[in-house]
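So you can see what is in the structure, the chains are spelled out below.
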Amino acid sequence: MVLGLSLIAISGLILVAADHVDAPSVTGNAADITDMYTFQGQETNNLVFAVNTQGLLSPNATAAAAFNENVMIEINIDNTGDNVEDLVIQAIKKGDKMYFFGPYAPSATGTSSTIKTSAASGSVAISKYGAAAVTSTENGMKFFAGPRDDPFFFDLGQFQAILGGTATGFNNPGVDTFAGSNVLSVVVEVPKAMLGTAASLNVWAETKKKQ
Amino acid sequence: MKTNKFKIITLALVCAVATVSCNDDDNNGDAMASTDFSGTFVQQDQMARPAINTVFIASGQPKDDFNAAIPSAMGAKYQPIFESRLMALNPGYTTNALGLTAAQFTGVLATDVLNVKTSGKTTFFDGTNVLTGRALADDVIDVELILIFGGPTGGSNTGLTSDHVDANDKAFTTSFPYLAAAW
Numbered sequence: 001m002v003l004g005l006s007l008i009a010i011s012g013l014i015l016v017a018a019d020h021v022d023a024p025s026v027t028g029n030a031a032d033i034t035d036m037y038t039f040q041g042q043e044t045n046n047l048v049f050a051v052n053t054q055g056l057l058s059p060n061a062t063a064a065a066a067f068n069e070n071v072m073i074e075i076n077i078d079n080t081g082d083n084v085e086d087l088v089i090q091a092i093k094k095g096d097k098m099y100f101f102g103p104y105a106p107s108a109t110g111t112s113s114t115i116k117t118s119a120a121s122g123s124v125a126i127s128k129y130g131a132a133a134v135t136s137t138e139n140g141m142k143f144f145a146g147p148r149d150d151p152f153f154f155d156l157g158q159f160q161a162i163l164g165g166t167a168t169g170f171n172n173p174g175v176d177t178f179a180g181s182n183v184l185s186v187v188v189e190v191p192k193a194m195l196g197t198a199a200s201l202n203v204w205a206e207t208k209k210k211q
Numbered sequence: 001m002k003t004n005k006f007k008i009i010t011l012a013l014v015c016a017v018a019t020v021s022c023n024d025d026d027n028n029g030d031a032m033a034s035t036d037f038s039g040t041f042v043q044q045d046q047m048a049r050p051a052i053n054t055v056f057i058a059s060g061q062p063k064d065d066f067n068a069a070i071p072s073a074m075g076a077k078y079q080p081i082f083e084s085r086l087m088a089l090n091p092g093y094t095t096n097a098l099g100l101t102a103a104q105f106t107g108v109l110a111t112d113v114l115n116v117k118t119s120g121k122t123t124f125f126d127g128t129n130v131l132t133g134r135a136l137a138d139d140v141i142d143v144e145l146i147l148i149f150g151g152p153t154g155g156s157n158t159g160l161t162s163d164h165v166d167a168n169d170k171a172f173t174t175s176f177p178y179l180a181a182a183w
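Line by line, the protein sequences are chains S and W. The working numbering puts the first residue of the first sequence at 1, with every later residue one more than the last. The working numbering puts the first residue of the second sequence at 1, with every later residue one more than the last.
Think of the hints as simulated: they come from the structure by calculation, not from any bench. Some clues are possibly wrong.
DSS-like cross-link-like pairs, simulated, lysine-lysine; straight-line CA separation at most 25 Å [claimed, not checked]:
hint, chain 1, residue 1, chain 2, residue 2
1, W, LYS121, S, LYS192
2, W, LYS77, S, LYS192
3, S, LYS97, S, LYS209
4, W, LYS117, S, LYS128
None of the values given here were measured: they were computed from a predicted structure.
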């Protein structure tokens with residue numbers, strides 16, 4: 001087994017996590033997406049979208065971590081197979097609540113978005129650190145926003161050692177670099193019928209900042 | 001004297017908190033109507049499949065550029081970059097367990113979207129279903145390590161195809177919101 005480790009070192013490629021701490025302009029702020037998940041809900045007629053932000057929060061730092069009123073979290077859904085969003089679900093904080101819009105067809109696609117207030121689908125009080133999760137159900141959808149355990153797991157430290165040339169493989173057992181750390185999560189559960197009739201969707205998450 | 005100062009400060013804080021609470025109460029019920037959602041919002045970060053930007057894009061400005069890209073424009077621009085990264089990570093790459101050549105595999109990955117089936121099981125990979133979603137418990141890193149390092153059978157480079165962290169450090173819940181409470 002021969003790895004191109006020197007090439008990686010030269011090019012400055014450092015693997016971080018799923019998308020944790022990934023880029024200079026967003027690292028450590030409310031616009032930094034760490035992970036997104038999409039899975040069938042407990043009610044199998046529903047899909048669940050979870051978008052996590054601000055990774056590697058220690059328990060001591062979690063109570064002070066907050067969503068930003070100028071940063072929208074947008075779930076993009078392509079149901080025609082062209083990797084262009086046909087529907088969006090938008091979440092944005094105002095005061096102590098997270099407000100949700102959609103799924104709706106945006107008036108324009110791409111890097112700039114506006115909020116169609118007539119597409120409001122619900123809101124939920126942002127859960128507080130250390131308190132029980134607050135959820136709400138409106139228009140057949142379920143909503144959550146607040147701190148959660150980071151569901152991501154990976155021996156990042158050992159992988160960095162491999163890339164750095166100080167190790168040749170993983171240990172067994174490995175060490176979960178993300179154990180004991182938290183994220184700020186937005187979770188939305190949506191009836192599949194609201195997402196069109198396609199057998200397969202392409203989905204992605206974006207953060208978008210108010211100009 | 002000091003004690004008194006602290007008392008005064010504390011009293012002031014309590015008053016301030018009480019005032020804020022009153023304002024919140026006033027706004028209850030008509031928040032949607034009175035809240036301003038105007039403005040244009042511009043993309044800062046983008047993510048779909050786990051670890052794509054972090055594995056295949058060089059640090060610094062290239063990562064910011066990738067985060068500001070839209071999926072429909074990614075394939076053409078990023079497939080060659082991803083392929084060179086893949087071959088740097090694993091110079092012995094021929095095909096992987098999905099039977100994809102380096103060009104084919106990176107062609108799939110370069111468009112960073114998560115494929116989701118609208119019926120049946122949603123999983124990154126469970127031995128049968130491939131890329132039908134991403135569930136919380138999916139060991140996505142092992143899947144990606146196998147596809148990058150494991151060769152045509154998944155059995156090559158065995159020291160690199162699992163990080164031997166197979167599950168989260170907290171149990172997920174079966175009902176909404178599914179993610180575990182914070183530490």
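Evaluation of the provided hints:
This hinted pair checks out: LYS121 of chain W and LYS192 of chain S have alpha carbons roughly 14 Å apart, not beyond 25 Å. This hinted pair does not check out: LYS77 of chain W and LYS192 of chain S have alpha carbons roughly 32 Å apart, beyond 25 Å. For the hint linking LYS97 of chain S to LYS209 of chain S, the alpha-carbon distance of about 18 Å falls within 25 Å, and the restraint holds. For the hint pairing LYS117 of chain W with LYS128 of chain S, the CA-to-CA distance comes to about 33 Å; that exceeds 25 Å, so the pair is violated.
Going through the hint list in order, the structure does not satisfy hints 2, 4.
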